[in-house]
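Required output: the full structure, derived from the provided sequences and hints.
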Amino acid sequence: MKKGQFNFAWLFAIIVGGAILFLAIFGAMNTGDTQVYGSNTEIGKSISIITDPLQAGFSEGSFGQIAFRQETKIRNICFTGGFGKNDIAVATETGMNGEWGDFGGATSVYNKYIFSSEKNTGKDYYVFSKPFDFPYKVSDLIFLTSENYCFMDAPDEIADEVLSFGMPNVGVSEYDISIGKNVGCDFPEAVNVCFGQGSDCDISVYGSCLSKCDSVYDEGIVVKKGEDMNYVGSLMYAAIFSDENIYECNVERLMYRAGKIGEMFVEKADLMDARGCNTNLKGDLFVWSGLVGNATTEDLMNLRPLGDTLERRNDMELCGLW
Amino acid sequence: MKIMQMAFMIVAVMFFFVLVGLFFLGIWVGDIQGGAASLQRDKAISSLRVIADMPELNYDSSESMTLDEDKLRIMTGDFSAAYEVFWPVASVKVYLVYPAFDEVKKCPGFNCNYYEIYDSGQSNVKEYSSYVSICKNMKELGGEPRCEIGKLVVGVKIHEEQ
Numbered sequence: 001m002k003k004g005q006f007n008f009a010w011l012f013a014i015i016v017g018g019a020i021l022f023l024a025i026f027g028a029m030n031t032g033d034t035q036v037y038g039s040n041t042e043i044g045k046s047i048s049i050i051t052d053p054l055q056a057g058f059s060e061g062s063f064g065q066i067a068f069r070q071e072t073k074i075r076n077i078c079f080t081g082g083f084g085k086n087d088i089a090v091a092t093e094t095g096m097n098g099e100w101g102d103f104g105g106a107t108s109v110y111n112k113y114i115f116s117s118e119k120n121t122g123k124d125y126y127v128f129s130k131p132f133d134f135p136y137k138v139s140d141l142i143f144l145t146s147e148n149y150c151f152m153d154a155p156d157e158i159a160d161e162v163l164s165f166g167m168p169n170v171g172v173s174e175y176d177i178s179i180g181k182n183v184g185c186d187f188p189e190a191v192n193v194c195f196g197q198g199s200d201c202d203i204s205v206y207g208s209c210l211s212k213c214d215s216v217y218d219e220g221i222v223v224k225k226g227e228d229m230n231y232v233g234s235l236m237y238a239a240i241f242s243d244e245n246i247y248e249c250n251v252e253r254l255m256y257r258a259g260k261i262g263e264m265f266v267e268k269a270d271l272m273d274a275r276g277c278n279t280n281l282k283g284d285l286f287v288w289s290g291l292v293g294n295a296t297t298e299d300l301m302n303l304r305p306l307g308d309t310l311e312r313r314n315d316m317e318l319c320g321l322w
Numbered sequence: 001m002k003i004m005q006m007a008f009m010i011v012a013v014m015f016f017f018v019l020v021g022l023f024f025l026g027i028w029v030g031d032i033q034g035g036a037a038s039l040q041r042d043k044a045i046s047s048l049r050v051i052a053d054m055p056e057l058n059y060d061s062s063e064s065m066t067l068d069e070d071k072l073r074i075m076t077g078d079f080s081a082a083y084e085v086f087w088p089v090a091s092v093k094v095y096l097v098y099p100a101f102d103e104v105k106k107c108p109g110f111n112c113n114y115y116e117i118y119d120s121g122q123s124n125v126k127e128y129s130s131y132v133s134i135c136k137n138m139k140e141l142g143g144e145p146r147c148e149i150g151k152l153v154v155g156v157k158i159h160e161e162q
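Top line first, the protein sequences correspond to chains B and Z. According to the numbering used here, the residues represented by the first sequence are 1 to 322, in order. According to the numbering used here, the residues represented by the second sequence are 1 to 162, in order.
A portion of the hints provided could be inaccurate.
To be verified - The calculated lysine to any residue pairs, modelled on SDA-like cross-linking and capped at a C-alpha distance of 25 Å, are:
#  : chain 1 : residue 1 : chain 2 : residue 2
1  : Z       : K126      : B       : G38
2  : Z       : K157      : B       : K282
3  : Z       : K126      : Z       : C107
4  : B       : K123      : Z       : K151
5  : Z       : K106      : Z       : G142
6  : Z       : K43       : B       : K282
7  : Z       : K43       : B       : N7
8  : Z       : K157      : B       : L281
9  : Z       : K106      : B       : E267
10 : Z       : K151      : Z       : Y95
11 : Z       : K43       : B       : W10
12 : Z       : K139      : B       : D270
13 : Z       : K43       : B       : N120
14 : Z       : K93       : B       : E267
15 : Z       : K2        : B       : W10
16 : Z       : K139      : B       : D273
17 : Z       : K139      : B       : S39
18 : Z       : K2        : B       : N7
19 : Z       : K93       : B       : V266
20 : B       : K282      : Z       : G143
Hints were generated in silico from the structure; no laboratory data involved.
Set out below in structure tokens:
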């Protein structure tokens with residue numbers, strides 16, 4: 001072979017060798033991406049399972065923490081229509097330079113109500129659960145957040161409740177007249193939740209319950225990013241910890257389920273009547289389930305007095321429907 | 001001749017890498033299937049309590065693992081059709097375990113001992129169970145409940161090869 005001249009064997013080896021190397025690198029990259037996708041899908045599915053024991057069940061509430069090894073994004077998309085669903089998808093940081101992998105396959109959760117921001121980022125996530133009664137138990141509400149919250153000048157019953165769960169991401173602060181500022185929250189960065197008027201508030205809660213309430217905050221409005229969110233009962237926490245669209249959507253899902261449970265109690269009333277355990281609630285429950293089944297956040301405060309009446313009447317009955 | 005040797009060599013090297021790739025792919029796919037099965041099992045076990053405490057089946061929201069007999073009867077009828085997509089598992093059944101029975105009799109019916117709440121119709125379902133109380137309010141007991149021992153059985157779909 002003359003100097004500087006390739007023969008066919010060399011040319012062939014270089015072309016095929018290059019092709020093999022290209023295929024190998026391409027395959028490895030694709031496999032890596034698929035592996036990240038698979039892993040993220042698995043994490044998404046795990047979140048739906050991890051939250052099972054964190055549901056409040058028959059307790060007043062419960063708290064848990066999910067710690068990831070690296071920064072993790074959790075996407076929560078809510079769908080209405082019948083029982084609706086929350087689609088949970090996860091993406092993790094893949095490289096040292098802050099690159100994010102694709103979101104894994106979404107896990108659809110039909111029987112839970114996960115209140116959070118639509119997109120959350122963090123290494124540690126906090127899960128807090130409270131039961132929601134309207135007037136009977138409808139479901140447990142699950143609040144998922146990675147941010148710190150500072151409840152400023154919260155009424156005693158709310159401050160005590162929040163502190164009793166020992167959530168490390170939620171603090172309570174009170175105004176100290178002697179130094180002229182709020183003390184009690186030591187987070188470097190936190191979302192400030194004010195109860196009533198206040199300064200430096202990210203979220204404001206205005207209670208409006210005036211009769212037959214344990215607290216003025218039994219119902220009211222949560223103002224967040226300029227949007228008003230009506231709430232009753234434990235939905236106050238849902239409004240605080242979630243985005244408006246997630247809140248509205250999950251409340252519609254909850255109302256549909258409350259309507260279905262109401263229909264079930266109507267049928268249960270027939271079965272109880274048949275064995276002499278009579279109830280006078282059937283007619284009102286029929287109306288209630290029709291009203292609540294299509295309700296939205298706008299209707300919550302109007303429905304609450306009727307729900308309270310049903311609860312009182314149920315408590316007075318010998319057998320009781322719930 | 002040399003070209004032929006080289007071509008065969010390159011084909012052999014490629015074949016080798018494909019085999020190695022298939023080997024690792026097999027391990028990885030097996031791992032995913034194992035992970036999926038493990039997640040399904042975890043889901044079924046944690047679902048036992050979640051399902052028992054659902055207001056659609058629960059007797060009293062202040063008591064865990066206690067089912068309402070009236071609600072079970074309702075859920076075995078047409079009412080449960082609305083809940084098709086709702087269940088996080090492939091099947092939900094409840095058996096009365098005392099008194100012991102020789103034959104399974106579907107409820108509602110005389111002397112029945114088995115409530116089929118939901119069945120997705122999937123094959124290859126593995127079942128997990130937990131004991132529960134099945135209660136109903138009785139006028140004779142002043143509105144207090146009469147309870148029996150039951151067993152809540154939930155099924156999860158398992159992979160074909162298992």
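Status of each hint after checking the structure:
| no. | hint | result |
| --- | --- | --- |
| 1 | Z:K126 x B:G38 | 24 Å, holds |
| 2 | Z:K157 x B:K282 | 39 Å, violated |
| 3 | Z:K126 x Z:C107 | 23 Å, holds |
| 4 | B:K123 x Z:K151 | 40 Å, violated |
| 5 | Z:K106 x Z:G142 | 29 Å, violated |
| 6 | Z:K43 x B:K282 | 36 Å, violated |
| 7 | Z:K43 x B:N7 | 63 Å, violated |
| 8 | Z:K157 x B:L281 | 41 Å, violated |
| 9 | Z:K106 x B:E267 | 20 Å, holds |
| 10 | Z:K151 x Z:Y95 | 5 Å, holds |
| 11 | Z:K43 x B:W10 | 58 Å, violated |
| 12 | Z:K139 x B:D270 | 14 Å, holds |
| 13 | Z:K43 x B:N120 | 24 Å, holds |
| 14 | Z:K93 x B:E267 | 20 Å, holds |
| 15 | Z:K2 x B:W10 | 11 Å, holds |
| 16 | Z:K139 x B:D273 | 10 Å, holds |
| 17 | Z:K139 x B:S39 | 55 Å, violated |
| 18 | Z:K2 x B:N7 | 11 Å, holds |
| 19 | Z:K93 x B:V266 | 23 Å, holds |
| 20 | B:K282 x Z:G143 | 17 Å, holds |
Violated hints for the displayed structure, listed by number in ascending order: 2, 4, 5, 6, 7, 8, 11, 17.
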